[in-house]
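Those sequence lines, one after another, are chains E, Z and A. Residue numbering for the first sequence follows our numbering, starting at 610 and increasing by one per position. Residue numbering for the second sequence follows our numbering, starting at 21 and increasing by one per position. Residue numbering for the third sequence follows our numbering, starting at 3 and increasing by one per position.
Just so you know, these hints were derived from the structure itself, not from any lab. Any given hint might turn out to be false.
Claimed, not checked - Cross-link-like lysine-lysine pairs, in silico, DSS-like; alpha carbons within 30 Å at most:
#1 A:K82 x E:K659
#2 Z:K77 x A:K182
#3 A:K8 x E:K611
#4 Z:K91 x A:K139
#5 Z:K77 x A:K9
#6 A:K82 x A:K8
#7 E:K611 x A:K82
#8 Z:K26 x Z:K77
#9 A:K139 x Z:K44
#10 E:K649 x Z:K77
#11 E:K659 x Z:K91
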Amino acid sequence: MKQIPPEYYQIMEQLQAVDFVLVELTLYLDTHPDDLEAIKQFNHYVKERKTVKKAFESQFGPLMQYGHSYSGHPWNWNEPPWPWQV
Amino acid sequence: MFTLYKTWHPIASPFDPCKPILEKTFSTPPNLYIGFQPPNLPQFSPQEALRAGTLWKAFYDPYFNPFELAKGGNPR
Amino acid sequence: MWIYEKKLQYPVRVSTCNPTLAKYLVEQYGGADGELSAALRYLNQRYSIPDKVIGLLTDIGTEEFAHLEMIATMIYKLTKDATPEMMKAAGLGDHYAIHDNALYYENSSGVPWTATYIQAKGDPIADLYEDIAAEEKARATYQWIINLSDDPDLNDGLRFLREREIIHSQRFMEAVEILKEEQGKKKFF
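For reference, chain E alone in the conformation it holds in the complex (with noise of 0.2 Å):
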């Protein structure tokens, strides 16, 4: 039986946490443009998003394919688990 790693679902909660918090902004800018404290937030999220995303990637593999994530050797995008799996 194939098991999924502890830091797997760490790493992955650090980034469903700063990615909620993007979800969170983007809704609220779209009916606040003009906020600029919460721009600030959404581009400081966005830069810490990067770190979280590289750190997954590094161990577990591509997050996003067409292009959004690189590729490991073989192609590793369809490899699971897929989210509902785990």
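Since chain E is already given, all that's left is putting chains Z and A on it; use the hints.
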């Protein structure tokens, strides 16, 4: 006192066969009161926000069923 | 275009193998006020709504697909490896006869998803009011499913989804305010 749940008291007829529920409750979530969201509302940390389902404390309104409420209804 | 990310919006867990809860949950998968209806409703309304609110419809519509994937994950986990006997005992015998344990876009009574669940009136206020109502109806559905469920992990995920309905409703109400505003008048807080 301000609450996010309101109650009402339906008529209980002696001819209603089910045991009457004397008080009914319904949800009136924060979005009904806040209007156009003002800037700089207090926020949760990213980790807390994910668990709460919102970044802003003013919108947080968790729903628990009666069994969860009996156990304190605490979010984890 | 849309790009998939190999990640759920929220870490979904369920405590037990429980096809009965899956049967209730499928309402939010392929039901009238479910996540599929929501996603398709908002993304479709974008083509006939003022530019000021297209971004919001795009982003909420996209988030609804993330919620659809969360619901799918819950149903998948609640029914994974469930035997035909367990499916039958949960009232899913007829589902099993047609689909095995596959997911299907239907409501909890087994009625297939239909486009009649969603509207596009072409009138921005009518459409946004439908969207607000849809969010409140979905919020209520989550409450009723939480009431039916004794699975603490499932309820944790359902509470997250219910809270998202509150935020979406809030943003749609703000969109109405933006469209109501006198043109040329500067907004201030």
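Inset, instruction - State the violated hints by number, sorted upward, taking the hints as numbered earlier in the document. - result: 1, 11
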